[in-house]
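> So the protein lines, in turn, are chains A and B. Quick note: the first sequence uses this note's numbering, first residue 37, plus one each step. Quick note: the second sequence uses this note's numbering, first residue -11, plus one each step.
A portion of the hints provided could be inaccurate.
What the hints assert, rightly or not - Here are the simulated EDC-like cross-link-like pairs (lysine to aspartate or glutamate), alpha carbons at most 16 Å apart as the crow flies:
#: 1; chain 1: A; residue 1: Lys241; chain 2: B; residue 2: Asp321
#: 2; chain 1: A; residue 1: Lys475; chain 2: A; residue 2: Glu303
#: 3; chain 1: A; residue 1: Lys506; chain 2: B; residue 2: Glu33
#: 4; chain 1: A; residue 1: Lys611; chain 2: A; residue 2: Glu634
#: 5; chain 1: A; residue 1: Lys233; chain 2: B; residue 2: Asp321
#: 6; chain 1: A; residue 1: Lys506; chain 2: B; residue 2: Glu52
#: 7; chain 1: A; residue 1: Lys330; chain 2: B; residue 2: Asp312
#: 8; chain 1: A; residue 1: Lys479; chain 2: A; residue 2: Asp493
#: 9; chain 1: A; residue 1: Lys209; chain 2: A; residue 2: Asp247
#: 10; chain 1: A; residue 1: Lys330; chain 2: B; residue 2: Asp303
#: 11; chain 1: A; residue 1: Lys88; chain 2: B; residue 2: Asp321
#: 12; chain 1: A; residue 1: Lys202; chain 2: A; residue 2: Asp264
#: 13; chain 1: B; residue 1: Lys220; chain 2: B; residue 2: Glu251
Just so you know, these hints were derived from the structure itself, not from any lab. Bear in mind the structure is a predicted one, so any value in this text is a computation, not a measurement.
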Amino acid sequence: MSVSAGAAEVEPKRSMPPRPVEELDSVVIRFVGDSGDGMQLTGSEFSRAIAKAGHDFATHPDYPSEIRAPTGTLFGVSGYQIQFASRQVFTSGDAPDVLVAMNPAALKTNLSDVKPGGTIIANSGAFTDNNLAKANCKSNPLTDGSLAGYRVYQIDISALTAQALKESRLSKKEVGRCKNYYALGLMLSLYSRPLDKEEGDIRQKFAKIPDVAEANVIALRAGYAYADATEMFITSYRVRTADIQPGTYRSLTGNHATALGCVAASELSGVPVFLGSYPITPATDILHEMSALKHFNVTTFQAEDEIAGICSAIGAAYGGVLGMTTTSGPGMALKTEALGLAVMLELPLVIVNVQRGGPSTGLPTKIEQSDLLQAVYGRNGECPIPVIAANSPADCFDCAIEAFRIAVKYMTPVILLTDGGIGNAAEPWRIPDPASLPKMEVKFRTDPEGFLAYARDGNLARPWVRPGTKDLEHRLGGLEKDFLTGNISHDPMNHQRMVEVRAAKVAGIVADIPPLQVEGPAEGGLLIVGWGSTYGSIVQAREQAVASGCSVAHVHLRHLNPMPPDLGTILQRYKTILVPEMNLGQLSRLLREHYLREVVSLSKVQGRPFKVSEIHDRIIELCNEVSK
Amino acid sequence: MNAVVMLTKKDFETDQDVRWCPGCGDYAVLSQVQKLMPSLGIPRENFAFISGIGCSSRFPYYMETYGMHSIHGRAPVIASGLKLARPELSVWVVTGDGDALAIGGNHFIHAMRRNIGLKIILLNNRIYGLTKGQYSPTSQLGMKTKTTPQGSIDRPFSPVAMALGAGATFVARTVDSDLAHMAGVLKRAAEHQGTAFVEIFQNCIVFNDGAFDAITDKSLRDDARLMLEHGKPLIYGKDRNRAIRLRGLEPEAVTLGEDGVTEADVVHHDEKAEHSGLAFFLSQFDAPKLPVPLGVFRAVNAPAYEEMNGLQHKDALERRGRGDLTSLFNSGDTWTIK
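Produce the complete structure using the sequences and hints provided.
Structure representation (structure tokens):
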């Protein structure tokens, strides 16, 4: 196994000069098994152990929409990929160096992704005739020579786990469930990680069922000892620790980070937060996290449907709290009418769309960025809403705060786009000092003197009044309102004025957007413009391209409506603009429309993130064209 | 609180022109609600009226309180969010048969189910007025409207039965033309803990005039309506000699003194019955076979949603102490890089 061959390595078939290779630079491991095999758990536990060793890492959970698909089937395969390295890690890696496959279906569906010459650790005990048939394998890939190009370790994890637990009082089925911890032990040993911390974690996790806790610890130890003792593995591997910024870290998924950011917004502003939401994959974890934080000023409301989720949040915002709702594409569609109401009411509100593959039900557990145009335009009437997007799991925290900051400052709903990739993936989060977080000032109007419900401040924001404030009783509504009083008005010129002022208010947020940071040359041939979760792949692709002599810059957009004020001039400084997106070119359209600028769209809609190589290849092609 | 005592109906009237058709039943309801408010001992600024879309939903514009005229069907859940965020407010929802039962049916039943402290007034005119005369979920079978030129084949349902089916703890019905009765029912609703639902039969003078004549016409109504009183026998009629008795599980309208029927045979109303069976039984009564019940069908005590939510917050605070960001951020597994 070539540990030095990280995800960043360029495959030999390309006509690229070989880039310098760092020894023991990075490893990409993918755990795959049945959706009931506990692979998400094995993967996330392994990630935590790796993080504590001082590595940077990025993960990608990839699971089916069935909770427990029939065992052994091709469509029931669940996977968890992690890349860790001695340098900063931006993606979970293009191709696994190591595939841990718990059954034939898992091997079959993932084999083509494994790096040529990579390592396969197969649970040979699960390669039974029955399972081979379920996976549509005509012969056993472990013995028929089809794995000739790989380093294969056959370990009967099922039997070895059962043997280790033969004294256990657990049922056969329960013993079977311990094999993910056996696999974890195996991998921890292989990558030179200590066991003691993991054992403590297991005992804590299964504190209420001590028999299961004990069995899992035994399985973990057995796996560890097996890897230690057998001569099957010639060596164990050690990836050097990464040069990471000093600080205290924890592993955090994007959804968890969003939840923490929203709670932080509440604490920073001193205003309670209210989350009205309806469960939907892959956004539900935000609701889970916030529901458990009632010792903060947090109220959560599991509404009867998506519409009720946003409407309850609008009601709460009218009541003077930070209203928010969380959803994914189809739910976003249902919330559309209420978004229009929030625009008319000019109340602060944050709508988090954890995007997934669409349209309709689409690919609930797979990732896509195809709701950008919906966020920017998808409503009846002239209905402007600020849109921002997070670029990584940890960035969700900052973006949640930013969304609320804009919402309360401008009295407007704000859409925060994340996606299922960063929502469910974990990365190390450098824990901030709360005192270092941006301040958020919220002022409620209390003075009745000269009060007009729609009189505006310098930011064109109208006053926020808490019901219960004496002598400020007023009525809001979805009908067009008078420019100052907020009473119903059907006056033609008043409507023109109101439509324009709502547009101007949102457009005026540009004054609040910090200058963009361009990585790479400030002008020249090629600029990559990205948004959202493509960040990691773009950064790594650019680094590789630069290492091989390409001149290419990268700018990543957090603010998508309005666009950053300096973007137009930045675009003018480059000959070619490349826009990689997990849709059919939605940001490309926005850029063309805003800046009358032709751009090259690189589109991927396969429910999977961009591979670094996919972006890298396009960069090289464009670099070659530019320099012609 | 002295200022509260001083409030009058006039304090709840806005400067906006009321834009319902002349003769619309909504005027009477508005007037009764404005009259009721000062009697509740609640500061004016602590009232909020939330509505959806439809003729009835213009209501908040005419109440000098906090208010929102929102979108079609969503008022109960906007009001729920407001009530949860601000449980100390008195939150009212004004809706109609289309708003609450057609486009907003889902929010309506879940508001009932949760027993959240909302007062929901449904102005039922059995027609769509604002869109100029289409049948509604409460329009009678066979009714000719613009969308049912051959007569409606849509079977209507009873809002009271819907509310009861969804587990409502307070369900009442009144009629726009009986001001004293409406005032009494609204007062009871205002004082109820949890969701209070009041259906008001409301005459649409333009598109469905006379829909409730049988129970509002002074010469007919006493034989067509049944005034519900807790603990009292179900007796009605101009001569107070008509009554309801049970034949198996079937209700039967009988005459006292005929065929040996005495008051002892008559069903007694019990609005506090834990089981909502009696209330549901009454909700099925309809003219001409049976008198239409007016009054409180059901009024039982149950913890309100916002109260239980408050208790959970209190419990979390007691168990864990007031949360702070530093410990929240540092919870779980952390590691330090030097």
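> Of the numbered hints stated earlier in the document, which are not met by this structure?
When the structure is compared with the hints, only number 12 turns out to be violated.
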